[in-house]
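Line order of the protein sequences matches chains W, B and G. Under my numbering, think of the first position of the first sequence as 1, with each following residue one higher. Under my numbering, think of the first position of the second sequence as 1, with each following residue one higher. Under my numbering, think of the first position of the third sequence as 1, with each following residue one higher.
Hint data in this document are derived by calculation from the structure and do not stem from the laboratory. For clarity, every value in this text was computed on a predicted model and none was experimentally measured. Backbone N, C-alpha and C fix where the C-beta goes; we use that ideal spot for every residue, glycine too. Warning: the hint list may mix true and false statements.
To be verified - Lysine to aspartate or glutamate pairs mimicking EDC-like chemistry, simulated, CA-CA at most 16 angstroms apart:
no., chain 1, residue 1, chain 2, residue 2
1, W, LYS391, G, ASP30
2, G, LYS53, G, ASP163
3, G, LYS130, B, GLU77
4, G, LYS105, B, ASP73
What the hints assert, rightly or not - Just so you have them, the derived chain B footprint on chain G, three or more residues with Cβ under 8 angstroms:
no., region
5, 112–119
6, 131–138
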Amino acid sequence: MSPQLVPQLLPELGHLALVIALAFSLCLSIIPMIGVHGSQPKLMNYAKPLASGMFVFTAISICILAYSFVVDDFSIKYVASHSNSHLPYYFKISAVWGGHEGSLLLWVFSLTAWTMAVAQFSKNIEQEFIARVLAVMGMIAVGFIAFTLLTSNPFERLWPNVPMEGRDLNPLLQDVGLIIHPPLLYLGYVGFAVAFAFAVAALMSGKMDAAWARWSRPWTVGAWMFLTLGIALGSWWAYYELGWGGWWFWDPVENASFMPWLIGTALIHSLAVTEKRGTFRNWTVLLAIFAFSLSLLGTFLVRSGVITSVHSFASDPSRGVFILVILAIAVGGSLTLYAFRASNVASFSRFALYSRETALLLCNIILVVAATTILLGTLYPLLVDALGYGKISVGPPYFNAVFVPIMSLLFIIMGIGPLIRWKKAKKGELRKQLVSPSVLSIAFGLLFPVIYGGEFNALVAMGMTLALWVFLVVIKDLLNQYKSRTILSLSQWGMTFAHAGIAVTIVGVTLVSSYESETNVKMALHESVEISGYQIEFNGIKHVEGPNYSAEQGQLNIYKINRDGENDFVALLKPERRAYRVQSMGMTEAGIDGGLFRDIYVALGDPLDGGAWAIRVHYKPFVRWIWLGALFMALGGILAMMDKRYRINSRVSNSSKSRMKNKNTAQMTSQVTNQATSELS
Amino acid sequence: MIKINLLSSLLLMITIGISTLFSSNFVNASPVDTFEFNDEVTKVRFQALSKELRCPKCQNQNLADSNSPIAADLRHELYELLQQGKADSEVVNFMVNRYGEFVLYRPRVSSITYILWFGPALLILLGIIVVIVILRKKPVDKANLALKPEQQKKLQQLLQNESESESADSNPVDLNSANLNLESVEKE
Amino acid sequence: MKKVIRFLPLILVIALGVVLYRGLSLNPQDMPSALVGKAMPDFSLLTLNDEAKTVTKADLVGDIILLNVWATWCPTCKYEHPYLLEIANDSKLNSQVKLYGLNYKDERLAAQQWLTNYKDPYQFSIFDEKGTLGLDLGVFGAPETFVIDHHGIIRKRFAGAIDVRVWRKEFEPLITQLISERQQGK
Chain W
1 MSPQLVPQLL
11 PELGHLALVI
21 ALAFSLCLSI
31 IPMIGVHGSQ
41 PKLMNYAKPL
51 ASGMFVFTAI
61 SICILAYSFV
71 VDDFSIKYVA
81 SHSNSHLPYY
91 FKISAVWGGH
101 EGSLLLWVFS
111 LTAWTMAVAQ
121 FSKNIEQEFI
131 ARVLAVMGMI
141 AVGFIAFTLL
151 TSNPFERLWP
161 NVPMEGRDLN
171 PLLQDVGLII
181 HPPLLYLGYV
191 GFAVAFAFAV
201 AALMSGKMDA
211 AWARWSRPWT
221 VGAWMFLTLG
231 IALGSWWAYY
241 ELGWGGWWFW
251 DPVENASFMP
261 WLIGTALIHS
271 LAVTEKRGTF
281 RNWTVLLAIF
291 AFSLSLLGTF
301 LVRSGVITSV
311 HSFASDPSRG
321 VFILVILAIA
331 VGGSLTLYAF
341 RASNVASFSR
351 FALYSRETAL
361 LLCNIILVVA
371 ATTILLGTLY
381 PLLVDALGYG
391 KISVGPPYFN
401 AVFVPIMSLL
411 FIIMGIGPLI
421 RWKKAKKGEL
431 RKQLVSPSVL
441 SIAFGLLFPV
451 IYGGEFNALV
461 AMGMTLALWV
471 FLVVIKDLLN
481 QYKSRTILSL
491 SQWGMTFAHA
501 GIAVTIVGVT
511 LVSSYESETN
521 VKMALHESVE
531 ISGYQIEFNG
541 IKHVEGPNYS
551 AEQGQLNIYK
561 INRDGENDFV
571 ALLKPERRAY
581 RVQSMGMTEA
591 GIDGGLFRDI
601 YVALGDPLDG
611 GAWAIRVHYK
621 PFVRWIWLGA
631 LFMALGGILA
641 MMDKRYRINS
651 RVSNSSKSRM
661 KNKNTAQMTS
671 QVTNQATSEL
681 S
Chain B
1 MIKINLLSSL
11 LLMITIGIST
21 LFSSNFVNAS
31 PVDTFEFNDE
41 VTKVRFQALS
51 KELRCPKCQN
61 QNLADSNSPI
71 AADLRHELYE
81 LLQQGKADSE
91 VVNFMVNRYG
101 EFVLYRPRVS
111 SITYILWFGP
121 ALLILLGIIV
131 VIVILRKKPV
141 DKANLALKPE
151 QQKKLQQLLQ
161 NESESESADS
171 NPVDLNSANL
181 NLESVEKE
Chain G
1 MKKVIRFLPL
11 ILVIALGVVL
21 YRGLSLNPQD
31 MPSALVGKAM
41 PDFSLLTLND
51 EAKTVTKADL
61 VGDIILLNVW
71 ATWCPTCKYE
81 HPYLLEIAND
91 SKLNSQVKLY
101 GLNYKDERLA
111 AQQWLTNYKD
121 PYQFSIFDEK
131 GTLGLDLGVF
141 GAPETFVIDH
151 HGIIRKRFAG
161 AIDVRVWRKE
171 FEPLITQLIS
181 ERQQGK
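Using the sequences and the hints, build the whole thing.
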């Protein structure tokens, strides 16, 4: 084979690898299932190697695509549309997921990675059950790999007219945010497929008990953790990159990632109840199905052209139909299964009105209502148009108006949950526990806006009260445990950090929304403008050359006006107006002086006459707390995942004969008990 | 697998060309208008309204963030109207009369949007009802859970038949003491 | 009852699926005009070719009118232009329908030159330098074409270039209807 033929053939190998991965996923969907129904352990054992094979070949495929980007193989249409030889190498790699086809391959890669992880780390789970789980994940993989190969092949060639240069990556995406945000987001998004597979396997096998919940929980928390980080990163990236200082726009694509997060949060709490108390089983299964369904819905919304968004990929209704079919099969199928197979066994664990179960049930319902509300708002314009009532828009004013009250309800109950007993709260004990947190947080909330902002502000008061309430309750829980000398499990530390993270985020959101300020001014050389106790001085423009752009760089000095009225130098900010050479697209880079308690944010506008420039300055107090809170939440998730009880080896004896006997016994006894209870109810 | 794609690459270039011609040069450059307002209140109103109004031609952006020419024109118009002393509702009506309800990010409450605006409250109410229903369900009496004598006998028989077909030990399982995972596990 | 509730999620999802499927055939970018059914707004502007001549709404009302929004900075307008000439020269059509231009946010000299180079299909072009009439019409780009009936009521706004296919699908039925309405004295 001549050396010139190899690079030309490499993309074809990438394509082939993907086809082989499809073959593996088909086998994975079918063979273990046959093993389960025929009680053939040998066939069930194939699940693990098939999952590995599926992962390896998908990995090969995406690595070849990445390699093609790095070596500037413009014979591949996708590379030619999203790359350029002057693009820095790290952006060449992240350009793999800069467009529809490549990001879909990333989606598939995430799925196969999770599948392999489940196959590898499931030694303490019943073989039959895990075979089912892996088979379901295989089915999802079949759908998406087929979708990629048939409608969105990243390896399509421009042959023989290979362009000399690529179109370059969209300048907006030439940022470190693109390198980490999509992979993290997809790991989270797609990770809910694991919870989904566990739920479907539970429905199939009829095994919807505490053991199932214990197996399912760490995987679900893992996916939730990645999604938390992915969303937070997206918000942070939008903040510093887009130039308008906003951090959440309720854009349909943003909502598409937020809804699974809300349901995922409800799910991890519901799993906790099912694991500990054996109740909420049907509810938990349903939430698992919904979480992944919302992930799929998000995938549909972004790629079908049904909604308008700055984030959406090139839209194509025929692709939309394909995803809709996948959605119909996955969601419709699982919900049909649910309708027929949901547990009829009455849960014997009753709980009182005042109990942790009730608190968690309320929280779950509020989270579901929140997710449904966002879904309603996102799809409403589509609904109105489909019914022929014209075009309307639903945007941030609506979402903020409905979301804040709903979440406030949630935060109130979040304060009760950690301190209330399971099954039945002790009379008077709960009241005693809640007195100090409530008094402290209300007092703090009422005073804060007066001290910080100079006048009373109801929204700020409410926000700060709720934040401190949520925080103090988990601190009190820690203190209680300390006093009674119990060693806290990692799971409990996880809960503490995660709830503390929520409190931190509430503080950030409340304060930045109420106390931010913005000013747009024309500034001549050496002119200054004042904003919220800071002085901004314009010191001209410098010309800068980048690897694939040229820029006008503003030089702005930031001073803090201290108590004596004098200026203390804080920072030199260098916002830029860049002109990217290939796409001849312009872009602004904001100059930010970030701090724990405030950001000063400067952006260049247009040059005006006389050497003056239009300059925008933002003052953003506590904005970083929003993402800091998310980091705490993710840390909480990691701690919860590492809890010892998920690492205990299987206690079931390894003799297959006695395992089969136990299984039969268990089946029979549950059948008879079913009969008994149905006669009773 | 290898396609001849002269036509598609040509079409690609044309599409790119046309789309860049329609988008302004500075795609994400957040526009900086240097309007001077009568007073601080007007400035704040301007900032608020420019976030409530949608750019008619953009990919889901409000007037404040969009760099397209139409958004710049509408911002200027907004500024003029506010400087003339028009009320918020008059400004909103001005925009809606020309560009339709589409330009409002806060949809008006009308028969079309009742579900939108009142839906969330209804859902919460529904949720509370669900909780009440669940809490009020008749508690299953533990005493009734034990199998009746006939059922216990039937179970013993089933198990004996099962164990007779195997050579392993055949201790009849006593249901009442067995933990079938249906009992709640008291942890914490 | 319990069994029925179990089917509720499935039913809701099916309903959602139907809405989404319907949504695939819709175009979210399509923007109907808010002025359809309303009177043409009043204006007082100069014409493009004659700087001394002022035109108002009264100069336009009375015929069935096509008002075409165009500009030299709009490349698609160039693409559409030959077809506008065809419409203007169609003797059967131009006795019933009059074509006017709205030169939107343009430079006078450049626009005049453009019409000299590519020929002028319009009865006259309104010179809307600041875009005030465009704003009142709800224009958000070029090219756009308005159909105004003989009472001065706006009946349709089409955003995009006109060619044979577009004319047949979007304009012809309406124009025919308007002509018959006028003949019937409505």
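Cross-check of the supplied hints:
no., hint, result
1, LYS391(W) - ASP30(G), "holds, 9 angstroms"
2, LYS53(G) - ASP163(G), "violated, 32 angstroms"
3, LYS130(G) - GLU77(B), "holds, 11 angstroms"
4, LYS105(G) - ASP73(B), "holds, 10 angstroms"
5, 112–119, "violated (count 0)"
6, 131–138, "holds (count 5)"
Hint compliance for this structure: hints 2, 5 are not met, and every other hint is.
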